[in-house]
Amino acid sequence: MTAVLQAQGLGKRYGRHWALSDCTLDIPAGHVVGLVGPNGAGKTTLLNLASGQTAPSSGSITVLGGLPGASPAQLAKVGFVAQDTPTYAGLSIADHLRLGARLNPGWDDALARERLGRLGLDPAHRAGKLSGGQRAQLALTLGLAKRPELLILDEPVASLDPLARREFLQGLMEAVVEHEFSVVLSSHLVADLERVCDYLIVIVDSRVQVAGEVEELLASHHRLTGPRRDPARLPADQHVISASHTDRQTTLIIRTGAPIHDPAWSVSQISLEDLVLAYMSKPAHIDYRPALEVQR
Amino acid sequence: MIWLTWRQFRAAAAMMSAALAALVAFLGLTGPRLAEDYSTGIADCAAAGGGCSEFLQQFFNDYQDPFLAVTAVVLVLPALIGLFWGAPLITRELEAGTHRLVWNQSVTRGRWLAVKLGLTGLTAMTAAGLGSLAVTWWASPIDEAAANEFPRMGPLLFGARGIVPIGYAAFAFALGVTVGMLVRRTLAAMAITLAVFVAVQIAMPLLVRPHLLPLTRSTTEITASNVDGVTAPANGTTIVRVTAADNTGGWLLSSHTVDASGHAVADTIPVSTPSCVLGAPEPGAAWSRGLSACLAEIKRLGYRQQVTYHPSSRFWPFQWYETGIYTALALGLSGFCFWWIRRRLS
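Respectively, the protein sequence lines represent chains U and D. Just so we're aligned: 727 in my numbering is position 293 of the first sequence, and the numbers increase by one with no gaps anywhere. Just so we're aligned: 241 in my numbering is position 152 of the second sequence, and the numbers increase by one with no gaps anywhere.
Take these hints with a grain of salt, some might be off.
As the list claims (entries may be wrong) - Beta-carbon label-pair distances, calculated as ranges:
hint, chain 1, residue 1, chain 2, residue 2, range
1, D, R181, U, T685, 51 to 57 Å
2, U, S491, D, A103, 40 to 46 Å
3, D, R181, U, P539, 38 to 44 Å
4, D, P294, U, A528, 49 to 55 Å
5, D, A101, U, D456, 43 to 49 Å
6, U, A504, D, D154, 34 to 40 Å
Hints listed in this document are in silico derivations from the structure and should not be mistaken for laboratory results. Every residue gets a Cβ at the ideal spot worked out from N, C-alpha and C, and that includes glycine.
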């Protein structure tokens, strides 16, 4: 299968501030991709670039082989559910379906009506009167009924309560199983993504820290616990993601492709949440050695 | 896209249609009687002889209030269109975030903007055109009656008659959209649009319109109709004050009194006695005789009145020029909007 998203040295600058820099990605098709990172890390910027909402300041990006937002055909292939799931407050749900039908060549009206019926949303209702969860479902329905090859969702569940969150993600997963499209969704909470994603991108301080299939990431990251020592003395193929020390003990989270033979370490599996937190707390571009010198 | 634009715009369009319908109904009901009053009045006073100036004055006084009111409506309409249709057109979407919904349907934002600008802009121009033409038709007898007081070429009526309101509406609308795109806040965009539009509307008759065609100059004798007053201080001279009375029926831009060598003098002419003795306070036959002697003396001394103006026959050429200028401005702003929405707005 071809890549859904390829980025080469992609960057976006607002004034003198780089919201995203040096981003190189190659996401294969057929995944549910989670984009995770703290607020302001550049997640929305990356998604806006992928949907063609903004143009890059440097580098290049192609989505499904085309330039994002360049033509009606490209727009038709990519669905986008924006942050806070905006809808026209003055228009009814039926009007929104009509909007979708008028503006999209591949509109699947039966899908939209069936889905809204299942959710118990009355087409005569005004979108402005809907609850946050219902509005998010309406926006998702618009994105799904467009029948895109790639659906991008920017923090779709951020403003929803836990129950609405679960229903939203459940609805999304059912649609993915039924219609087989790729998904990229962002969140600042790993817990939201853990259940639905099979591919993960961690982005911190406008840079991509790690990207890969969830299974591979979990298989290649380990927590090492053992007597206190300098992480710099680890074998070259073991990359330290985070390190914490007590007086006598050192705990490391490392990435490695090879088995760990050193008997001094007790090796344990880490959860996806631990992995993401390790990358988020990792200070960018700082070597660990000087910090340890000080501690001695 | 046309459906969505219409769906979003239909409430505003309905309101405008209702207001226009009310205006047209009022003008349609009162207009025929107004025209009839005027033609019978003119016929009567012509039959009676002795000129119609008294009837014209009376006629104008009778209809002054509705005349000024409908003129004001046509003058204000383009500003309202810019404020309430132009400025919110894009900012409303930006403020509600719905641009991120609509720009991700299978329609490029260039096309989205083209349909919104085109449909709303053409409706704005149609509304302004209908309002202006209805008022122009209704007010034509009054415009004739008040040709000296409010010439059609004058700054007040010129902008409220004929086809220029169409150009004003197009410009005000495009201005509102452009400002809205740049400041991205509805209220601020409305305020800036109003300020800029008013400034342009004031600058146009002051700075641009007089130079659209070369001014007509004419030098005329000073007659009883331009004399504003005659005073005779005790020092042995009589001072004749000359007004800038406008007898051109066009748009008077300047009026000076010049002496025999062609130099401008102040609007008072000193005439030495005894050739200019009024003999009696006005009015009366003796005073008139005195004034004619005075005017004869002024003529002998070579004083003349020099005026520059645009004659009323230039009304339609000026209307076309100005409509063209405003339409060009509106097109320029629209072009900028397309560039901005593709390059800068996100």
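Each hint tested on the structure:
1. D:R181 x U:T685: 51 to 57 Å: holds (54 Å)
2. U:S491 x D:A103: 40 to 46 Å: Since U:S491 and D:A103 have Cβ atoms about 45 Å apart, the given range 40 to 46 Å holds.
3. D:R181 x U:P539: 38 to 44 Å: Roughly 27 Å apart at Cβ, these two residues miss the hinted range, so it is violated.
4. D:P294 x U:A528: 49 to 55 Å: Given about 50 Å between the Cβ atoms, the range holds.
5. D:A101 x U:D456: 43 to 49 Å: Because 47 Å falls inside the window, the suggested range holds.
6. U:A504 x D:D154: 34 to 40 Å: violated (59 Å)
In the structure shown, a violation is registered for the earlier hints numbered 3, 6, in ascending order.
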